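A.B. asks: Build the full structure now, drawing on both the sequences and the hints.
Number of protein chains: 2
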Amino acid sequence: MEKILLIICDGLSDRPIKQLGYKTPLEAAFKPNLDKLAYRGMIGLMNTVDIGVRPGSDVAHLSIFGYDINKYYSGRGPFEASGYGVKVKSGDIAFRGNFATVDNKMKIIDRRAGRIEETKPLILAINKIKINDIQILVQQGVGHRVAIVFRGKNLDCKISDTDPHLEGKTLLNSVAASGNSDAERTAMLVNEFTQKIYKILNNHPLNLGRIKRNLPPANIILLRGAGKLLKIPSFYQKYHLRSACIAGAGLYKGIANIVGMKIINVAGATGKPDTDIVAKIKAALKSFSKYDFVFLHIKGTDVLAEDGDYIGKKKFIEKIDRALKLIVPRDDILIVVTADHTTSSRLKIHTADPVPVLIAGDEIRSDFIKTFDEKNAYLGGLGRITGNHLMPILIDLLGRAPLKGA
Amino acid sequence: MEKILLIICDGLSDRPIKQLGYKTPLEAAFKPNLDKLAYRGMIGLMNTVDIGVRPGSDVAHLSIFGYDINKYYSGRGPFEASGYGVKVKSGDIAFRGNFATVDNKMKIIDRRAGRIEETKPLILAINKIKINDIQILVQQGVGHRVAIVFRGKNLDCKISDTDPHLEGKTLLNSVAASGNSDAERTAMLVNEFTQKIYKILNNHPLNLGRIKRNLPPANIILLRGAGKLLKIPSFYQKYHLRSACIAGAGLYKGIANIVGMKIINVAGATGKPDTDIVAKIKAALKSFSKYDFVFLHIKGTDVLAEDGDYIGKKKFIEKIDRALKLIVPRDDILIVVTADHTTSSRLKIHTADPVPVLIAGDEIRSDFIKTFDEKNAYLGGLGRITGNHLMPILIDLLGRAPLKGA
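Keeping their order, the protein sequence lines are chains X and S.
Just so you know, the working numbering puts 317 at position 302 of the first sequence, and the rest follows in order with no gaps.
Just so you know, the working numbering puts 323 at position 308 of the second sequence, and the rest follows in order with no gaps.
Hints were generated in silico from the structure; no laboratory data involved.
Source: prediction; values computed, not measured.
Treat the hints with care, since some could be wrong.
Any copy, or any two copies together, can satisfy a pair, since identical chains are not distinguished.
In silico DMTMM-like cross-links for lysine to aspartate or glutamate, where the CA-CA straight-line distance does not exceed 20 Å [to be verified]: (1) K419 - E321; (2) K390 - D50; (3) K33 - D377; (4) K33 - E378; (5) K277 - D307; (6) K33 - D382; (7) K33 - D347; (8) K363 - D411; (9) K297 - D307; (10) K297 - D347; (11) K38 - D377; (12) K38 - E378; (13) K301 - D346.
C.D. replies: Dropping the structure here:
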């Protein structure tokens, strides 16, 4: 057993849903293959960051990969930007952004500029703006989404969003954490940049055309999630494993990119419930000729739960299960199935409830549990761990952990 | 209940072995006495150092005895030297060593000098060498093994081995961690000492005799595992228990010695699978007239697992079980059976898998588990602990724990 397939189903676990007879979607789903893996392996509960901590997907993934988020995480921006294809460098300040619509008093009319799709001409018009010695990169995301990177000296990410997060509110001035002169400078640059792009975008032909067609113009970019890319050791430096990532959604590719995983693009991997999971698993199996560790991310579980669609989530879990038939049974690969966090389909938010973890392979001390779900997970042999424990346990199962002492 | 018998079976736990029907040797063994203890007691799982950490026997034992390894461990040398009978003092730098054979270009011909047995005359020739103000002690071990102690001021153990660990390679120069002047001085002394002993040993009559008989001369000592003996509180200072150690193998006596346990030598305790476990248990029972705490170490389980002999390991566990008949049932002594780490018979290495722990005695809240093995341990009432938890739990079971608060 020399290979690891880590499948993270985003927001897989849930809370009991009255309409499912007080079962979670995972408990309610028909999932013979996950249960077979549970039977042949060991299950447990994991708090990906810590007990009682409600994690975002970014910090949850970093934590599962063994990165101390207090040391390596300062905001989502760099990971998102990396996922959009920016080669983020250590020291860069990055943001997530939305093309949005403001009136001439800077009041937010539409936070997504009518879910605009055609942003390329706008980005060309504002890209490579330089303010003082700071280079500013704008990278197109899906739809209205965009990533912004500030590159230069004396920048800091301890600044507030320009995005008020609510329509009808006024565009905010970015404000720095008090007493931090780099942050003050960065906030000033952000505000100057925002004014500049309004000037450029408000009269841009594409927007004038939109107004003619009664569509809201994309005349501003709202910034949020400022983060600085901190110096971070690569996954290979940490574990001496050649690693790859198969994911549809940008953030996960971004995190993988930043820790030096190879991104394998799979046709049909959409980051949505319509994704082709079979294609992703097939691509993972194929990639093991070159890689020791494949991180396979499945986003649909979280998307459906955040829409409140618990029935859809249950069905999507059944779709995952059918795809897993490809790897059950399989003794040459250590198969790990887990989630980055719980997503409550009722509350439509991430919650701090621990996630179930399943580890199957021929080196595993199997436990007595034959069902993979939230309710059985605490009875499993893995017990209760936190995210930072997972990688050391997996590396040791491969027989590749460093020896402490002699 | 005023006495504790702590039986540590080195590398007792294992991973499932295909040829044993995916059972571990402990699961496959016939062990009615261990199971009786489990029935009368409480079991659990223990990570002796931490979750996901693969421990050497030295750090595992220190951790189980309640010593923080980050504070009290800097290398195996002092513990090994102490086990060979050197009275190691705080501040001493000690090494494990092998008598070995080099050619005149310092290439390693035999890392064990033909497993030489008669090293006493060689040791007499090189013992009590003094370089500058540093006293160097050489202590005979079993066969080709030897311990070396550097005693004096301004020494540091952050230096590399002279042992290249592979035959055909050249003897290494010890090198210091950069920027550490004490370590630089120590590395220089180690290299000078190594040259000196080559000069003395290469023409030693014993070696000339070996060459005549076509045996490889023991003309060098390869050093490894440099460690400094740090100031360490005694077991008595920590727990106010009069303690003794019964062990065959040197390292364990060494650790016990350093924390101030009385070493009880038992005829037939060999540190190998042929050891006389009954004699050791009888000696332990007898010693309780003078001691409150007896640490009884059994090495055979680890030796057999590191040889890949899972059948032998299973049989040896059955031998341990038969010897335990002497103490089942026995209500006046708190009986603890555990391991320092898991040893995988397939991989032939220590692994980070947690070890089962069994605590039996009349003060114990017994659980529902009647079988002492890896698969049942996680179901036990003790739950999941780390090594540093064990001693406080045991001391409290005696009713002798200090009160926190008032």
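A.B. asks: Compare the structure with each hint and give your call.
C.D. replies: So, going through the hints one by one against the coordinates:
1. K419 - E321: between (43 Å within a copy, 17 Å between copies)
2. K390 - D50: Both: 13 Å inside a chain and 19 Å across chains, each within 20 Å.
3. K33 - D377: between (38 Å within a copy, 8 Å between copies)
4. K33 - E378: between (39 Å within a copy, 9 Å between copies)
5. K277 - D307: Close inside one copy (11 Å), not across copies (49 Å); limit 20 Å.
6. K33 - D382: The answer is between: 16 Å across copies meets 20 Å, while 30 Å in one copy does not.
7. K33 - D347: Intra 40 Å, inter 14 Å, cutoff 20 Å: inter-copy only.
8. K363 - D411: between (36 Å within a copy, 13 Å between copies)
9. K297 - D307: Within one copy, since 15 Å is at most 20 Å while 51 Å is not.
10. K297 - D347: The answer is within: 15 Å in one copy meets 20 Å, while 47 Å across copies does not.
11. K38 - D377: between (31 Å within a copy, 11 Å between copies)
12. K38 - E378: between (32 Å within a copy, 11 Å between copies)
13. K301 - D346: within (16 Å within a copy, 50 Å between copies)
Consistency with the previously given hints is maintained throughout, with no hint failing.
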